[in-house]
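Protein chains: 2
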Amino acid sequence: MLENLKVGILGGGQLGGMLIRHAVDFGLSISVLDKDANAPCARYTNSFFLGDPKSYDDVLAFGKGLDVITIEMEAVNIDALLELEQQGVKVCPSPSIIKTIQDKYTQKQFLLSHNIPVVPGIAVDGKEDLLQLENKLPGCLKKRRDGYDGYGVMVLKSAADIEKAFDAPSVLEELVDIKHEIAVIVGRNEHGEIKCYDAVKMIFSGEKFVLEFQEAPAQLETNILQEATKLAEKIADALQLVGILAVEMFVTKDNQVIVNELAPRPHNSGHHTIEASTTSQYEQLLRAILGLPLGDTTLHLPSLMMNILETEGLSTNRQEKFKQVLSIPGAHIHWYGKKGNRLGRKVGHITITDTTMDSIVAKAETIRKILN
Amino acid sequence: MLENLKVGILGGGQLGGMLIRHAVDFGLSISVLDKDANAPCARYTNSFFLGDPKSYDDVLAFGKGLDVITIEMEAVNIDALLELEQQGVKVCPSPSIIKTIQDKYTQKQFLLSHNIPVVPGIAVDGKEDLLQLENKLPGCLKKRRDGYDGYGVMVLKSAADIEKAFDAPSVLEELVDIKHEIAVIVGRNEHGEIKCYDAVKMIFSGEKFVLEFQEAPAQLETNILQEATKLAEKIADALQLVGILAVEMFVTKDNQVIVNELAPRPHNSGHHTIEASTTSQYEQLLRAILGLPLGDTTLHLPSLMMNILETEGLSTNRQEKFKQVLSIPGAHIHWYGKKGNRLGRKVGHITITDTTMDSIVAKAETIRKILN
Numbered sequence: 007m008l009e010n011l012k013v014g015i016l017g018g019g020q021l022g023g024m025l026i027r028h029a030v031d032f033g034l035s036i037s038v039l040d041k042d043a044n045a046p047c048a049r050y051t052n053s054f055f056l057g058d059p060k061s062y063d064d065v066l067a068f069g070k071g072l073d074v075i076t077i078e079m080e081a082v083n084i085d086a087l088l089e090l091e092q093q094g095v096k097v098c099p100s101p102s103i104i105k106t107i108q109d110k111y112t113q114k115q116f117l118l119s120h121n122i123p124v125v126p127g128i129a130v131d132g133k134e135d136l137l138q139l140e141n142k143l144p145g146c147l148k149k150r151r152d153g154y155d156g157y158g159v160m161v162l163k164s165a166a167d168i169e170k171a172f173d174a175p176s177v178l179e180e181l182v183d184i185k186h187e188i189a190v191i192v193g194r195n196e197h198g199e200i201k202c203y204d205a206v207k208m209i210f211s212g213e214k215f216v217l218e219f220q221e222a223p224a225q226l227e228t229n230i231l232q233e234a235t236k237l238a239e240k241i242a243d244a245l246q247l248v249g250i251l252a253v254e255m256f257v258t259k260d261n262q263v264i265v266n267e268l269a270p271r272p273h274n275s276g277h278h279t280i281e282a283s284t285t286s287q288y289e290q291l292l293r294a295i296l297g298l299p300l301g302d303t304t305l306h307l308p309s310l311m312m313n314i315l316e317t318e319g320l321s322t323n324r325q326e327k328f329k330q331v332l333s334i335p336g337a338h339i340h341w342y343g344k345k346g347n348r349l350g351r352k353v354g355h356i357t358i359t360d361t362t363m364d365s366i367v368a369k370a371e372t373i374r375k376i377l378n
Numbered sequence: 007m008l009e010n011l012k013v014g015i016l017g018g019g020q021l022g023g024m025l026i027r028h029a030v031d032f033g034l035s036i037s038v039l040d041k042d043a044n045a046p047c048a049r050y051t052n053s054f055f056l057g058d059p060k061s062y063d064d065v066l067a068f069g070k071g072l073d074v075i076t077i078e079m080e081a082v083n084i085d086a087l088l089e090l091e092q093q094g095v096k097v098c099p100s101p102s103i104i105k106t107i108q109d110k111y112t113q114k115q116f117l118l119s120h121n122i123p124v125v126p127g128i129a130v131d132g133k134e135d136l137l138q139l140e141n142k143l144p145g146c147l148k149k150r151r152d153g154y155d156g157y158g159v160m161v162l163k164s165a166a167d168i169e170k171a172f173d174a175p176s177v178l179e180e181l182v183d184i185k186h187e188i189a190v191i192v193g194r195n196e197h198g199e200i201k202c203y204d205a206v207k208m209i210f211s212g213e214k215f216v217l218e219f220q221e222a223p224a225q226l227e228t229n230i231l232q233e234a235t236k237l238a239e240k241i242a243d244a245l246q247l248v249g250i251l252a253v254e255m256f257v258t259k260d261n262q263v264i265v266n267e268l269a270p271r272p273h274n275s276g277h278h279t280i281e282a283s284t285t286s287q288y289e290q291l292l293r294a295i296l297g298l299p300l301g302d303t304t305l306h307l308p309s310l311m312m313n314i315l316e317t318e319g320l321s322t323n324r325q326e327k328f329k330q331v332l333s334i335p336g337a338h339i340h341w342y343g344k345k346g347n348r349l350g351r352k353v354g355h356i357t358i359t360d361t362t363m364d365s366i367v368a369k370a371e372t373i374r375k376i377l378n
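Sequences listed follow chains G and P, in order.
Going by this note's numbering, the first sequence opens with residue 7, and the numbers climb by one from there.
Going by this note's numbering, the second sequence opens with residue 7, and the numbers climb by one from there.
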């Protein structure tokens, strides 16, 4: 049955690791392609391939003989996936979806063409272009491709900032008057079944575009949450998605919900579903790509998720700090086991579950103090 | 940190698979020794060793260079573990605990020496001995070693049954007037911290000693549950356990709680802790053997666990049956992905969680009909 299926993941980071965690429940065999032999996934499969998910040859060689391929990152080679699809390998999400989404500008155009509200933005080829667009500043400049975790995003306040801007194909977005940032994870299978998780609210640290806390369910007005769910479902349908999709959204000061970005894969904003939901986002992805019924997305506990970033503070007495965190009831550590100590890198996350959000927030404050 | 620790498991079955599932959360590297190249664990590690956990040479070769070794089965080579311990490898639970428990008679003697109530039993070397013990019948005959899942256990009603009895070292136990069978999983770390899970109640199918349903928490009188917890804690302390221990107990018709059997490893009776408890038994084992604080054992949802046995019924339209089960909210399938189709074998389990036990039982009945 399921154990005879050969499932491949492009990318071997922590998201892939958590996907394997849930693949155990179905007895699945998982192959992984990553260009780092020390990628977190490498430890958890007997079928690890060293190679670049962006390389046509590597992806093609990896995919031959697999039954299903999915992704844990968008920066993958589309042509190879199209070729594999031709050869009968099931690719979920479809290469065309990944292609549309991996470029922030074509993503935006797609959403606009389906009447989904987005942040208005202009495509620019590089710095040169920006010099003609001084009157559009201030704005938010995002690289069209390969941005992640705050890399590839910067605010240009005025013409003076153009100097240090990316000199790469980018999107210059209007600055939005943001009240909240939220996200909804939606799953859809090939039978058109769609299920959303409750929206989460994200709190970012000021300058760095790096997520600090994430609260689930988001404590917001019902009509806003309904609008967010409606948008996520509409996008999954428009894409004819088979898989899961994270829809990051802004709630503006005048209570409009507009889409910021999409990610057609497991996502930060669904980490808490491991502990707090009946079905985790990882299991939901597996169900979707295997043609199984989608799982119940009920949140049975409130939760708060915080990323662990590599910092100077963290590197001192690390083991002792972890013991302190682990002694807090309901604090679930996910340590990614990454090699090396690059400062600022996401090295883990902690999900706190409890019966009330107040007690969760108190525990989060305690944990923040412990880790720093 | 944790990712640099080398942890080994003796045995590569489903319990080991679920242990790896939770090792992902700490970024641990897990090595596995099993004599079956197709063991469920083999898929989920890049460090699988083909060899027999009962062989001195295999265990010694496997263990060299590891930091910590644990078990997912009792039938392992003790001498090799003692030698590894000498060489500085941390073995949890300790070889002496495994040795005491892997023989059902020495296990019983140990418990008696600590004033723990057990089922009275006599050691017999084989059939010959039984002929002298006709006056002790009816009784329950259990092989001293290597019994599991109903294998190695039989009821001898009268002298006429001796003919078909095991001709191996066994224990002849008195038949107990059983009202309920329950189990408590207890964890203990090297600092002496002890935590119990709520007792579960097990319902076995008549003849086969095979678990059919398991309800958590057990719906029983508080004083019985307290007594069960007290016994489990006392045993963990008496053993100076570092790890987890399943304590299977009988509640007699006159409401006495007596110990049936011990298992110093993850156990069936803790499967539900994956979905229903704050900390799963698998994470608890990892915390214990890594010297970390034990996790909160609170059950946050009631649950029912049922094993999936390979049957004629199951083999027809298997995929369709699984889809039906997966469409029931709160039904969590764990499919072990075992190769081959030996009838009667445990090939998976399903944990059902919901807000009330009534609705859980209704779902369990639906699932039983689907699978048969």
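These aren't lab readings, by the way, just hints derived from the structure by calculation.
It is possible that part of the hints are untrue.
Unchecked claim - Partial selection, computed: residues in chain G whose CB lies under 7 Å from chain P: (1) Ala43; (2) Thr284; (3) His340.
As the list claims (entries may be wrong) - Some residues of chain G that are not near chain P, with every Cβ distance over 10 Å (derived): (4) Ala166; (5) Thr235; (6) Leu332.
What the hints assert, rightly or not - Distance condition first, Cα-Cα at most 20 Å in a straight line; then the derived DMTMM-like pairs of lysine to aspartate or glutamate: (7) G/Lys60 x G/Asp152; (8) P/Lys369 x G/Glu196; (9) G/Lys149 x G/Glu254; (10) G/Lys329 x P/Glu227; (11) G/Lys345 x P/Asp73; (12) P/Lys329 x G/Glu326; (13) P/Lys329 x G/Glu196; (14) P/Lys327 x G/Glu9; (15) G/Lys12 x G/Glu89; (16) G/Lys105 x G/Glu9; (17) P/Lys170 x P/Glu227; (18) P/Lys70 x P/Asp131; (19) G/Lys327 x P/Asp302; (20) P/Lys345 x P/Asp42; (21) P/Lys70 x P/Asp58; (22) P/Lys41 x P/Glu196; (23) G/Lys352 x P/Glu9; (24) G/Lys12 x G/Asp131; (25) P/Lys329 x G/Asp131; (26) G/Lys329 x P/Glu196; (27) P/Lys344 x G/Asp42; (28) G/Lys345 x P/Glu9; (29) P/Lys240 x P/Asp183; (30) P/Lys327 x G/Asp302; (31) G/Lys327 x P/Glu9; (32) G/Lys344 x G/Glu326; (33) P/Lys329 x G/Glu199; (34) P/Lys345 x G/Asp183; (35) G/Lys142 x G/Asp152; (36) P/Lys185 x P/Asp152; (37) P/Lys236 x P/Glu218; (38) G/Lys207 x G/Asp364.
Just so you know, these numbers come straight off a predicted model, no measurement behind them.
Glycine residues also receive a C-beta, built at the ideal position from the N, C-alpha and C atoms.
- prompt: Which of the stated hints cannot be reconciled with the structure, identified by number in ascending sequence?
  reply: 1, 6, 8, 10, 12, 16, 17, 18, 22, 24, 25, 27, 29, 34, 35, 36 and 37
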